[in-house]
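**Q** Put together the whole structure using the sequences plus the hints.
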Amino acid sequence: MITSDKSVSLPAIPAKRYFTIGEVSDLCGVKPHVLRYWEQEFTQLKPVKRRGNRRYYQHHEVLLIRKIRELLYEQGFTISGARNKLGEGKAAATVDPDAAVRLSGQELQALRQELTDISDLLSSALGNESSKGQLDLH
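Each residue of the sequence shown is one higher than the one before, starting from 1 at the first, in the numbering used here.
All clues stand as given, with none of them false.
Across the chosen pairs, the derived CB separations fall in these ranges:
hint: 1; residue 1: Arg51; residue 2: Gly81; range: 29 to 37 Å
hint: 2; residue 1: Arg50; residue 2: Gln106; range: 54 to 62 Å
hint: 3; residue 1: Gln106; residue 2: Gln58; range: 47 to 55 Å
hint: 4; residue 1: Lys16; residue 2: Gln44; range: 14 to 22 Å
hint: 5; residue 1: Leu108; residue 2: Pro11; range: 52 to 60 Å
Using 27 Å as the maximum straight-line C-alpha spacing, the simulated BS3-like pairs for lysine-lysine come out as follows:
hint: 6; residue 1: Lys49; residue 2: Lys67
hint: 7; residue 1: Lys85; residue 2: Lys67
hint: 8; residue 1: Lys49; residue 2: Lys16
hint: 9; residue 1: Lys85; residue 2: Lys46
hint: 10; residue 1: Lys31; residue 2: Lys67
hint: 11; residue 1: Lys31; residue 2: Lys46
hint: 12; residue 1: Lys31; residue 2: Lys85
Hints in this document: simulated from the structure, not taken from any laboratory. Heads up, the beta-carbon is just placed ideally off N, CA and C, and yes, glycines get one too.
**A** Here it is in structure tokens:
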């Protein structure tokens, strides 16, 4: 009986700023032509291109490539599925459920009064009594 262990032990990522495509290939266990293909398929993967269109990957991109590799090779996702999975993580990170706070009418009125009081204090501190209570909060 043959057991297929798809998980491969990848080498540690050295503390460098940039990696060539060959180095990334070795670090991630993926051939260079596959990395170039993934650049087209995953919009998050954008290596810096310098001198003669040479690709230089940063540390976070190497981690992303390892994640893509894990999704495709170890978890069995399709390219489209992996793209969606990576997008879910991004969407979940950008949506903050506490970002929108609903206030009751009473709380809103108290907030308006507090802002008016602050405005009055600032106006009096600046010696501008003529604008007292003119903060428009409606």
